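Asker: Sequence:
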Amino acid sequence: MKKPDITKEKLRESIFNLGEAIRNRDWTTLEALDTEARQAIEETLESGSAPSEEGKALLEELQTLYREMISACQLERDRVQEQLAVSKRRQEAIEGYQKSNKR
1 MKKPDITKEK LRESIFNLGE AIRNRDWTTL EALDTEARQA IEETLESGSA PSEEGKALLE
61 ELQTLYREMI SACQLERDRV QEQLAVSKRR QEAIEGYQKS NKR
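Residue numbers (this note's numbering): 1 to 103.
Hints are computed from structural coordinates only; laboratory data are not their basis.
None of these values were measured; they are calculated from a predicted model.
Zero decoy hints are in this set.
In silico DSS-like links for lysine-lysine, alpha-carbon gap of 30 Å or less:
{"no.": "1", "residue 1": "56", "residue 2": "10"}
{"no.": "2", "residue 1": "102", "residue 2": "88"}
{"no.": "3", "residue 1": "88", "residue 2": "99"}
Simulated restraints, written as ranges between beta carbons of each label pair:
{"no.": "4", "residue 1": "98", "residue 2": "12", "range": "53 to 59 Å"}
{"no.": "5", "residue 1": "32", "residue 2": "96", "range": "41 to 47 Å"}
{"no.": "6", "residue 1": "94", "residue 2": "43", "range": "50 to 56 Å"}
We put the beta carbon where it would ideally sit given N, CA and C, even for glycine.
Throw the hints in and build the complete structure from the sequences for me.
Answerer: Right, here's the structure in full:
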């Protein structure tokens, strides 16, 4: 298999694996796959020649996935922040109740 073919295969694998991890909200796997995807991108861009049409299409697909990943991460961050805020309000309510019962 030629180097460009290997590089395209790595991009395809990265796209598939990132897509699965995004759909499954598997944040730990996404972190590891991010490194792999970046390596595949670097290899594609360092090949010395302009990427083929297929290579460009794969890079565009990967870019779209990264946008999805960022959006999913932001939504998850917002969800966790809301949970923390609710938890804090509950804790404050419990503490207020406990203080009022000590009187």
